[in-house]
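**Student:** If you read the protein sequences in the order shown, they are chains R and B. With the numbering used here as the guide, the letters of the first sequence map in order to residues 64 to 840. With the numbering used here as the guide, the letters of the second sequence map in order to residues 18 to 172.
Hints were generated in silico from the structure; no laboratory data involved. What you are looking at is a predicted structure, and each value in this text was computed from that prediction instead of being measured. There's no promise every hint is true.
To be verified - Simulated DEER-style distance windows between Cβ atoms:
{"#": "1", "chain 1": "B", "residue 1": "Ser98", "chain 2": "R", "residue 2": "Gly683", "range": "32 to 42 angstroms"}
{"#": "2", "chain 1": "R", "residue 1": "Glu625", "chain 2": "B", "residue 2": "Pro99", "range": "34 to 44 angstroms"}
{"#": "3", "chain 1": "B", "residue 1": "Pro99", "chain 2": "R", "residue 2": "Ser585", "range": "12 to 22 angstroms"}
{"#": "4", "chain 1": "R", "residue 1": "Asp645", "chain 2": "B", "residue 2": "His31", "range": "50 to 60 angstroms"}
{"#": "5", "chain 1": "R", "residue 1": "Glu177", "chain 2": "B", "residue 2": "Ala30", "range": "25 to 35 angstroms"}
{"#": "6", "chain 1": "R", "residue 1": "Thr117", "chain 2": "B", "residue 2": "Ser98", "range": "49 to 59 angstroms"}
{"#": "7", "chain 1": "R", "residue 1": "Lys622", "chain 2": "B", "residue 2": "Glu140", "range": "43 to 53 angstroms"}
{"#": "8", "chain 1": "R", "residue 1": "Ala583", "chain 2": "B", "residue 2": "Pro99", "range": "19 to 29 angstroms"}
{"#": "9", "chain 1": "R", "residue 1": "Arg183", "chain 2": "B", "residue 2": "Pro99", "range": "28 to 38 angstroms"}
{"#": "10", "chain 1": "B", "residue 1": "His31", "chain 2": "R", "residue 2": "Glu177", "range": "15 to 25 angstroms"}
{"#": "11", "chain 1": "R", "residue 1": "Gly683", "chain 2": "B", "residue 2": "Thr100", "range": "29 to 39 angstroms"}
Virtual Cβ for every residue (Gly too), placed ideally from N, Cα, C.
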Amino acid sequence: MAKTVGTSVKRVEDPRFLRGQGTYTANLQLPGMTHLAVKRSPHAHAIIKRIDATRALALPGVLGVFTGKDLIEGGCGPLPVGWSVPNQKTPERHALMPDRVRHVGDGVAAVVAESSYIARDALDLIDVEYETLPVVTDARKAAAPGAPLVHQAIANNISYEWELGDKQACADGLAEAHIVVEQELINSRLVPNAIEPRACVAQWNAPDDQMTIWTTSQNPHPIRVLLSAFTLKIPEHKLRVIAPDVGGGFGSKIFHYPEEVIVPWVSRKINRPVKWVSTRSEAFITDSHGRDHVTVAKMGFKRDGTITALQVTTWANQGAYLSTFASLIPTILYLGCISGMYKVKGIFGHVFATFTNTVPVDAVRGAGRPEAAYLVERMIDIGARRLKKDPWEVRHKNFIPASEFPYQTPVAFNYDSGDYHAICDKVATLADLKGMRERQAEARKAGRLVGIGFSTAIEISGYGPSKVVTSIGSALGMWESAALRVYPTGKVTLFTGSHSHGQGHETTFAQIAADELGIAVSDIEVVHGDTGRVQQGVGTFGSRSGTVGGTAVVKAAAKVREKMRRIAAHQLEAAEEDVVFDQSNGTAYVKGSPDKAKTFFDMAFSTFTANHLPAGMEPGLEEQAFFDPTGLTAPNSAHIAQVEVDPATGEVQIQRYVAVDDVGNVINPMIVEGQLLGGIVHGVGQALLECARYDSNGQLLSGSMMDYAMPRSNLMPMIETGRTVTPAPSNPLGVKGAGEMGTIASTPAICNAVMDALQIDHLDMPLTAERIWQAMQ
Amino acid sequence: MTHTISLTVNGKAHCSVVEPRLLLVHYLRDVLGLTGTNIGCDTSQCGSCTVHLDGEAVKACTVLAVQADGATIKTIEGMASPTSLHPLQEAFREEHGLQCGYCTPGMIMAADALLRHNHKPSEAQIRQGLEGNMCRCTGYQNIVKAVQNAALKMA
Numbered sequence: 064m065a066k067t068v069g070t071s072v073k074r075v076e077d078p079r080f081l082r083g084q085g086t087y088t089a090n091l092q093l094p095g096m097t098h099l100a101v102k103r104s105p106h107a108h109a110i111i112k113r114i115d116a117t118r119a120l121a122l123p124g125v126l127g128v129f130t131g132k133d134l135i136e137g138g139c140g141p142l143p144v145g146w147s148v149p150n151q152k153t154p155e156r157h158a159l160m161p162d163r164v165r166h167v168g169d170g171v172a173a174v175v176a177e178s179s180y181i182a183r184d185a186l187d188l189i190d191v192e193y194e195t196l197p198v199v200t201d202a203r204k205a206a207a208p209g210a211p212l213v214h215q216a217i218a219n220n221i222s223y224e225w226e227l228g229d230k231q232a233c234a235d236g237l238a239e240a241h242i243v244v245e246q247e248l249i250n251s252r253l254v255p256n257a258i259e260p261r262a263c264v265a266q267w268n269a270p271d272d273q274m275t276i277w278t279t280s281q282n283p284h285p286i287r288v289l290l291s292a293f294t295l296k297i298p299e300h301k302l303r304v305i306a307p308d309v310g311g312g313f314g315s316k317i318f319h320y321p322e323e324v325i326v327p328w329v330s331r332k333i334n335r336p337v338k339w340v341s342t343r344s345e346a347f348i349t350d351s352h353g354r355d356h357v358t359v360a361k362m363g364f365k366r367d368g369t370i371t372a373l374q375v376t377t378w379a380n381q382g383a384y385l386s387t388f389a390s391l392i393p394t395i396l397y398l399g400c401i402s403g404m405y406k407v408k409g410i411f412g413h414v415f416a417t418f419t420n421t422v423p424v425d426a427v428r429g430a431g432r433p434e435a436a437y438l439v440e441r442m443i444d445i446g447a448r449r450l451k452k453d454p455w456e457v458r459h460k461n462f463i464p465a466s467e468f469p470y471q472t473p474v475a476f477n478y479d480s481g482d483y484h485a486i487c488d489k490v491a492t493l494a495d496l497k498g499m500r501e502r503q504a505e506a507r508k509a510g511r512l513v514g515i516g517f518s519t520a521i522e523i524s525g526y527g528p529s530k531v532v533t534s535i536g537s538a539l540g541m542w543e544s545a546a547l548r549v550y551p552t553g554k555v556t557l558f559t560g561s562h563s564h565g566q567g568h569e570t571t572f573a574q575i576a577a578d579e580l581g582i583a584v585s586d587i588e589v590v591h592g593d594t595g596r597v598q599q600g601v602g603t604f605g606s607r608s609g610t611v612g613g614t615a616v617v618k619a620a621a622k623v624r625e626k627m628r629r630i631a632a633h634q635l636e637a638a639e640e641d642v643v644f645d646q647s648n649g650t651a652y653v654k655g656s657p658d659k660a661k662t663f664f665d666m667a668f669s670t671f672t673a674n675h676l677p678a679g680m681e682p683g684l685e686e687q688a689f690f691d692p693t694g695l696t697a698p699n700s701a702h703i704a705q706v707e708v709d710p711a712t713g714e715v716q717i718q719r720y721v722a723v724d725d726v727g728n729v730i731n732p733m734i735v736e737g738q739l740l741g742g743i744v745h746g747v748g749q750a751l752l753e754c755a756r757y758d759s760n761g762q763l764l765s766g767s768m769m770d771y772a773m774p775r776s777n778l779m780p781m782i783e784t785g786r787t788v789t790p791a792p793s794n795p796l797g798v799k800g801a802g803e804m805g806t807i808a809s810t811p812a813i814c815n816a817v818m819d820a821l822q823i824d825h826l827d828m829p830l831t832a833e834r835i836w837q838a839m840q
Numbered sequence: 018m019t020h021t022i023s024l025t026v027n028g029k030a031h032c033s034v035v036e037p038r039l040l041l042v043h044y045l046r047d048v049l050g051l052t053g054t055n056i057g058c059d060t061s062q063c064g065s066c067t068v069h070l071d072g073e074a075v076k077a078c079t080v081l082a083v084q085a086d087g088a089t090i091k092t093i094e095g096m097a098s099p100t101s102l103h104p105l106q107e108a109f110r111e112e113h114g115l116q117c118g119y120c121t122p123g124m125i126m127a128a129d130a131l132l133r134h135n136h137k138p139s140e141a142q143i144r145q146g147l148e149g150n151m152c153r154c155t156g157y158q159n160i161v162k163a164v165q166n167a168a169l170k171m172a
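In isolation and in its complexed conformation, chain B is listed as follows:
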């Protein structure tokens, strides 16, 4: 049994025939080839697979592709043009908010959603807001600084 889904990903319309059990993250990575969205766990804990679904940050490992039928999705590949960086991406680089880079796309998507809800988050609000995204390399400190930096850039 398959379903036909139509959705917009990073501004581009897609129509695909998918198994009902296909996870959104596998759809993005394996069907559309958007491998910027990483997979770090299988229990919705790590947040590596965070994308925007109709403007809200979701963990794409916990959404079925069929649930995204009709939705607008944004992934890390949609954050900036291939030659530019989004202010959040710039801030992560300036503050050394990434090391191995694996959690980074999910972290940036989560941070972007956070900043849209709260333009001037406090340190505590940033720490609370990113609590669903795990990073083993940075100890989070420079990620928090990067989000603070980005908030200033985007103000």
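Bound conformation, chain R alone:
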């Protein structure tokens, strides 16, 4: 059987999606279903003086109204965090806030009714009296003396400060520099906006004391742990969490959200199934946002372009509370990546993480790494401009040489493999950079504002081992599990703790198992996203599914092969060491005698009849494996963008986008390219369009898809892609992770191209026509 890994197997999951048969949470209908809606604060900061639900309860069809006090008295605990850095101040956050609200959208009451329309009607009949309080929304202003306090007990609104790097080496590097460029950069706040809004359904089964929760999650197993141990407090073995088909995540569906507590709690209370489906308007004010950094950076350069130092001070907006992984993002995932693809001795970063009266901020596609890439790539371009050097050459001069891998950066991470000069050469060839430059020069002569922008960026993915990750703040290990259940007829179910919400694991994980076992992809079904079926799991985030989840499959398959090999040896009356398992066709035979092989079916069926097994061997064939990564892996990329700015309107037109990515070995090239393309456009969205804006009262001005611009089909030309491959040495598949690389690299590539077109140092994102036009005046 030909190997399938490395080939573009068409996706197994497609037919159901194409026919409209996806099993998204909102599609679930259960007998007796009720519908829940959440009354949310219209104020960014206020004391709740009184909640009166009399009028709502009088509406026919309303079954109940519940407040934060009801949930707390009913046993619900506050939402916990999954990451803690030293001296982190973690304020209490309840599913419904009992006495004070701290951002527009904070939940204050929940109504459950016979229909979703009645529930929504009832929201308007709940009377809440507020005493409004002063508001702060800006990350840096929040830390200034006299700023309104989001949490009374947390001075200066600072949740934590965090440092990384060598302060002295950085100071020395700046001192020896020929020039030091200093720049303030604002990394705009993003709303994740997966097209499927969040949803949650819960069904309490009183006779069995069992709760089943369907939720739009990227990681149902950790959600069950949090529900069981902290919030809902239903014992874990009585709690089943199902994340069925999920319509995109981009990080926003990692976190434990209030509705995952409210909906099951109400279901148990009224002893009926309950459904909550977020509207898009709610999503804007409740889904955790991303980015939102204010940074002041200094980068030192020698006359020849060598980077001598990078000093970074960042105010990271955490919003009103710490979301589940809030403090992971602007710490190790951000400062840990500010060495980029470069060899820089003196790096030092300091982060102030502040509370504001805004939606909590957490991971959005890339999560910390795009903020790092944007910072580094912008600073290099500004430096090159001051030095009057080609930014492409300045990058080349500073790359970590291929001979120095594994490379220990001054900011914690050890890069596993890469060839940064090669990836840049490849993208320059693919783009015909020389010709591009010539055509740009001609266009400029003709007065056209054509710009070329580069970005060369790394990602850190598949991080581990758990021992290290927990030592720097994680509350959970970063392993993954897989189980292979081989049926008597030789068909296989693969259970994985990874979760697919667009990534295509039902195809790629089956490809891995098919090659490891020598059987057909069509003989394997992948099951994911259900704590009631999948043994254990951590889930899908940080581009970890292939590296960690995929390796768990490899390990479980090795155990299946080993048991089959022993069975074959017994049945062939040969010494075990003389028998080989042939992965090309799923057979086992005595070395040199493939004609007398035991087939996959023979061996599987033997474990069912159990009448011809080696002494002491258990019947049945089901093997499970856990993989805890030994390190991390660093996907990397080199992108080139060409844009033209309309001098009359400031509008940016993207003329070419050329991307070469090194994501290690590739399981399914079609799917990997799809991940990269989608990621690139997501990042272009931040560069040109996307920005969540609050007014001084804490009202989200960009609170709908009419006001918050996102990429549409007419934004981009066809993206030209290529790949280089440096396999990841830390996992047997050699894969590095592809889900976020495009997003990380594309934002700075576009921004650099626009700055090149305008021949200026810097403009903050989003580079809207208006902002550019203003700058040109």
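Got chain R; can you put chain B on it based on the hints?
**Tutor:** Structure of chain B alone, referenced to chain R:
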């Protein structure tokens, strides 16, 4: 106050008593159980809920069920038999024009209407034609290729 409406959905006649404020998309999903039509926003921006009303692509979140009285509606469930795929559906699979699948039904309904108006659209015309349908996963590139592919299949 309720209204009685009669309409044909995917070739099947339905007669229902509905509230005047009921949205067509909720009627399709919650009354008829046709959950293939998804809801992605509440401002008619995302296009996830695109269906055909008397042959034209409409966003079913912006049509009241009572406005569809007497109309012929086609949803994603009506594009092909349960065991086959429409050429557009096949093309989306071949070109990897979907990832999470959530925008896909609306995207296919919009693309089908586009191709009926223009049998051989250029890349620019496809990009312009699908501008009212949002996808966060694919970056649109493979969706455009899928529509180009389908146009050839359907020629």
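**Student:** Give a verdict on every hint.
**Tutor:** Verification of the supplied hints:
1. In this structure the hint that Ser98 of chain B and Gly683 of chain R lie 32 to 42 angstroms apart at CB holds, the actual value being about 40 angstroms.
2. A C-beta distance of roughly 42 angstroms is found between Glu625 of chain R and Pro99 of chain B, which places it inside the suggested range of 34 to 44 angstroms.
3. With their beta carbons about 19 angstroms apart, Pro99 of chain B and Ser585 of chain R fall inside the hinted range of 12 to 22 angstroms.
4. A hinted range of 50 to 60 angstroms for the beta carbons of Asp645 of chain R and His31 of chain B is consistent with their spacing of about 57 angstroms.
5. Between Glu177 of chain R and Ala30 of chain B the beta carbons are some 28 angstroms apart, a value that agrees with the proposed interval 25 to 35 angstroms.
6. Taking the beta carbon of each, Thr117 of chain R and Ser98 of chain B are about 53 angstroms apart, inside 49 to 59 angstroms as hinted.
7. About 49 angstroms separates the C-beta atoms of Lys622 of chain R and Glu140 of chain B, a value consistent with the hinted range of 43 to 53 angstroms.
8. For the pair Ala583 of chain R and Pro99 of chain B, the supplied restraint of 19 to 29 angstroms holds, since their beta-carbon distance comes to about 24 angstroms.
9. Range check, Arg183 of chain R to Pro99 of chain B: about 34 angstroms between beta-carbon atoms, so the 28 to 38 angstroms window is met.
10. A beta carbon spacing of about 22 angstroms between His31 of chain B and Glu177 of chain R agrees with the range 15 to 25 angstroms that was offered as a hint.
11. Checked against the hint of 29 to 39 angstroms, the pair Gly683 of chain R and Thr100 of chain B passes, with Cβ atoms roughly 35 angstroms apart.
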